[in-house]
Amino acid sequence: MTSTRQRAVFSIALAVGLASLAACQGEEASLAFDGAETRSAGVGDFALRSTSFADGESIPRRHSAYGDDVSPALAWQPVEGAASYALVMEDPDADRPAPYVHWVAWNIPATATALDEGLRADARLAAPAGMQQGLNDRGSTGYFGPKPPAGSGLHHYHVQLFALDTTLDIAADADRNALVKAMRGHVLGRARLVGTYAAPDTARP
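In the working numbering, the protein residues as written are 214 to 418.
No lab work stands behind these hints, which were simulated from the structure alone. Honestly, I wouldn't trust all of these hints.
[Said to hold, decoys possible] Below, simulated EDC-like cross-link-like pairs (lysine to aspartate or glutamate); rule was C-alpha separation at most 16 angstroms, straight line: (1) 360 with 281; (2) 360 with 304; (3) 394 with 304; (4) 394 with 378; (5) 360 with 293.
Throw the hints in and build the complete structure from the sequences for me.
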């Protein structure tokens, strides 16, 4: 009887563990904008725009890693009650289960309503003061522009901005998953701007 009970307890624990693992993998495989951490009840949407490209339009070459690899200018309306903003840029068209992460940033001050073009690739920025940048999937800090492989077609780059009710205390080298986990329960609003990019004809693997 004891052995049967132990097997039953083990089976239940295993099922719970596998379910939790699947849930975590599911969140990592989706865009930050669409994850459970950022779309809970009460989370509103706000507008994100850029003078560099319009929503749904092509990203200029200078913002790609085939060009000058400079981050685009961004602007938004302030969200009431926000203590900070966080940013994630991802490419869901990459040939892998999870989107490719191009930019991770947090503690963008609540007083900020824009990011200038061409931010430095530093872990902590002086302007806007206190903004921190984590690791992208290239393994570097800050912005990494579009660089889709030749022949992979048109890729969509989702620049996602989140208004938070707090500032975040996470590691300086935090990645996308660490940031999204830290945002859970703190998202007041979210915004998204999508740009497209395809490898130039002259690109080589």
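Ascending list of hint numbers which this structure does not respect: 3, 5
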